[in-house]
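Enquirer: Sequence:
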Amino acid sequence: VRGVLMKSEQDDVEKTGNEEHGKQLTVCNTCAELKELRDMATEQRVVMQMLKEKLSEQAAELSATKNELQQQKYEQQTLKNDVQQLKSEKETLKNELKRVTSELETVRRENSALNSQITVFESRMMLVEKTLEDDAKRPKVAFSVGLTDSGAVGPFNVETTLVYKKVFYNLGGAYNPITGIFTAPTKGVYYLRFTAFDHRPNIVTGITMYHNQKSVLHAGTWPDRNAYYSNAIVLEMEEGDVVYMKIPKTYHLFDNANNSCTLTGFLLFPL
1 VRGVLMKSEQ DDVEKTGNEE HGKQLTVCNT CAELKELRDM ATEQRVVMQM LKEKLSEQAA
61 ELSATKNELQ QQKYEQQTLK NDVQQLKSEK ETLKNELKRV TSELETVRRE NSALNSQITV
121 FESRMMLVEK TLEDDAKRPK VAFSVGLTDS GAVGPFNVET TLVYKKVFYN LGGAYNPITG
181 IFTAPTKGVY YLRFTAFDHR PNIVTGITMY HNQKSVLHAG TWPDRNAYYS NAIVLEMEEG
241 DVVYMKIPKT YHLFDNANNS CTLTGFLLFP L
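Residue numbering for the sequence shown follows the UniProt record's numbering, beginning at 1 and increasing consecutively.
No wet-lab data here; the hints were simulated from the structure. Be aware that one or more of the hints could be misleading.
Computed cross-link-like contacts, DSS-like style, restricted to lysine-lysine with a CA-CA straight-line distance of at most 27 angstroms [unchecked claim]:
no., residue 1, residue 2
1, Lys-66, Lys-54
2, Lys-214, Lys-187
3, Lys-246, Lys-187
4, Lys-214, Lys-249
5, Lys-246, Lys-214
6, Lys-140, Lys-130
7, Lys-66, Lys-87
8, Lys-90, Lys-73
9, Lys-249, Lys-166
10, Lys-166, Lys-246
11, Lys-165, Lys-140
12, Lys-249, Lys-165
13, Lys-140, Lys-73
14, Lys-140, Lys-214
15, Lys-52, Lys-35
16, Lys-137, Lys-187
17, Lys-130, Lys-187
18, Lys-87, Lys-73
19, Lys-66, Lys-52
20, Lys-94, Lys-80
21, Lys-166, Lys-140
22, Lys-98, Lys-87
23, Lys-165, Lys-90
24, Lys-166, Lys-214
25, Lys-187, Lys-165
FRET-style restraints, in silico, Cβ to Cβ [as the list claims (entries may be wrong)]:
no., residue 1, residue 2, range
26, Glu-129, Val-100, 38 to 44 angstroms
27, Gln-72, Glu-103, 43 to 49 angstroms
28, Asn-226, Met-125, 48 to 54 angstroms
29, Lys-54, Asn-29, 33 to 39 angstroms
Each residue gets a CB set at the ideal place from its N, CA and C atoms; glycine is no exception.
Input sequences plus hints: build the corresponding full structure.
Expert: If you want it as structure tokens, here you go:
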């Protein structure tokens, strides 16, 4: 019985020992697990801290990105406004360019018209200058003379050359007051005119113009009282040709200070 009891006690001791050992093992395992959990918790805290820091950095970056985006939006709006302003200015410049182009075209047309007028004016000026030069080079021939202050002239027994002694004008000196002959100084076309007068009744009055030796004009009348008569002619004359007046034989003329008997001539144009 003792043996059995001792064995039973021994078994109980062993059992108790095993239980204690099991408890110790359990405690050790629990401690290990707790340590592992603490390590994991510490690691998780480190990870969380890193995540917080990363999240904070990302939040800062996001805020900066938002600010940058806002700035870009502002700049984009500013650019849009600038573009709109530039478009408006461009349209204004286009309108101004159209206006200036129109004015320029008007000025060009006016300049063209002015140039045409200037060309015409210059042509006319050149023509005037040439005419003046030609006139300056062209011989100046003109004369006007009166017959006498003595009263009655004639009658003569033969046809007689009249000498107009009163010289009113003798440009070029082509009329000779000594011979009564006009000599053409240059070839050209000449205008010649005479006037004659007599107031006495019962006489014959008349006068004849000669070109060289050829009679070209004659005028006369049988007056009852004051009788004026005249005639004119245009002659082509060579240089050296002569014109003179003759009174037919038995004809009468009368002249005095009234200059009733005159002879006039001038060069129309040279040839």
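Enquirer: Could you run down the list of hints and mark each one as holding or not?
Expert: Here is what the structure says about each hint:
Using a Cα cut-off of 27 angstroms, the hinted pair Lys-66 and Lys-54 holds, with the two alpha carbons roughly 18 angstroms apart. With a C-alpha separation of about 18 angstroms, the suggested pair Lys-214 and Lys-187 falls inside the 27 angstroms cut-off, and the hint holds. This hinted pair checks out: Lys-246 and Lys-187 have alpha carbons roughly 24 angstroms apart, not beyond 27 angstroms. Between Lys-214 and Lys-249 the alpha-carbon distance is near 17 angstroms, which keeps this suggested pair within the 27 angstroms criterion.
Between the alpha carbons of Lys-246 and Lys-214 the distance comes to roughly 12 angstroms, so the proposed pair stays at or under 27 angstroms and holds. For the hint linking Lys-140 to Lys-130, the alpha-carbon distance of about 16 angstroms falls within 27 angstroms, and the restraint holds. A C-alpha spacing of about 30 angstroms is found between Lys-66 and Lys-87, which places the hinted pair above 27 angstroms, so the restraint is violated. Among the hinted pairs, Lys-90 with Lys-73 is consistent with the structure: their alpha-carbon atoms are about 25 angstroms apart, no more than 27 angstroms.
About 23 angstroms separates the Cα atoms of Lys-249 and Lys-166, which keeps this hinted pair within 27 angstroms; it holds. Annotation: proposed proximity of Lys-166 to Lys-246 holds, straight-line Cα distance about 17 angstroms (limit 27 angstroms). For the proposed pair Lys-165 and Lys-140, the alpha carbon gap of about 21 angstroms is at most 27 angstroms, so the pair holds. Restraint check for Lys-249 and Lys-165: the C-alpha separation of about 20 angstroms stays at or below 27 angstroms, so the hint holds.
Our distance criterion of 27 angstroms between C-alpha atoms is broken by Lys-140 and Lys-73, whose separation comes to about 96 angstroms. For the hint pairing Lys-140 with Lys-214, the CA-to-CA distance comes to about 25 angstroms; that is within 27 angstroms, so the pair holds. At roughly 25 angstroms between alpha-carbon atoms, Lys-52 and Lys-35 fall within 27 angstroms of each other, so this suggested pair holds. The suggested pairing of Lys-137 with Lys-187 holds, with an alpha-carbon distance near 14 angstroms, which does not exceed 27 angstroms.
Annotation: proposed proximity of Lys-130 to Lys-187 holds, straight-line Cα distance about 20 angstroms (limit 27 angstroms). Between Lys-87 and Lys-73, the direct Cα distance comes to roughly 20 angstroms. Compliance with the 27 angstroms bound is thereby established for this hinted pair. About 20 angstroms separates the Cα atoms of Lys-66 and Lys-52, which keeps this hinted pair within 27 angstroms; it holds. Proximity of Lys-94 to Lys-80 is assessed by CA-CA distance (about 20 angstroms); at most 27 angstroms being required, the pair is judged to hold.
Between Lys-166 and Lys-140 the CA atoms are separated by roughly 20 angstroms; this keeps the pair inside 27 angstroms, and the hint holds. A threshold of 27 angstroms between alpha carbons decides the hint, and for Lys-98 with Lys-87 the separation of about 16 angstroms falls inside it, so the pair holds. Between Lys-165 and Lys-90 the alpha-carbon distance is near 91 angstroms, which puts this suggested pair outside the 27 angstroms criterion. Note on Lys-166 and Lys-214: the hinted pairing holds, with a Cα-Cα distance of about 25 angstroms set against a maximum of 27 angstroms.
Taking the CA atoms of Lys-187 and Lys-165, the gap is near 26 angstroms; set against the 27 angstroms cutoff, the hint holds. For Glu-129 paired with Val-100, a C-beta distance near 40 angstroms keeps the hint of 38 to 44 angstroms intact. In this structure the hint that Gln-72 and Glu-103 lie 43 to 49 angstroms apart at CB holds, the actual value being about 45 angstroms. For Asn-226 paired with Met-125, a C-beta distance near 52 angstroms keeps the hint of 48 to 54 angstroms intact.
Between Lys-54 and Asn-29 the CB atoms are about 36 angstroms apart, so this pair conforms to the stated range of 33 to 39 angstroms.
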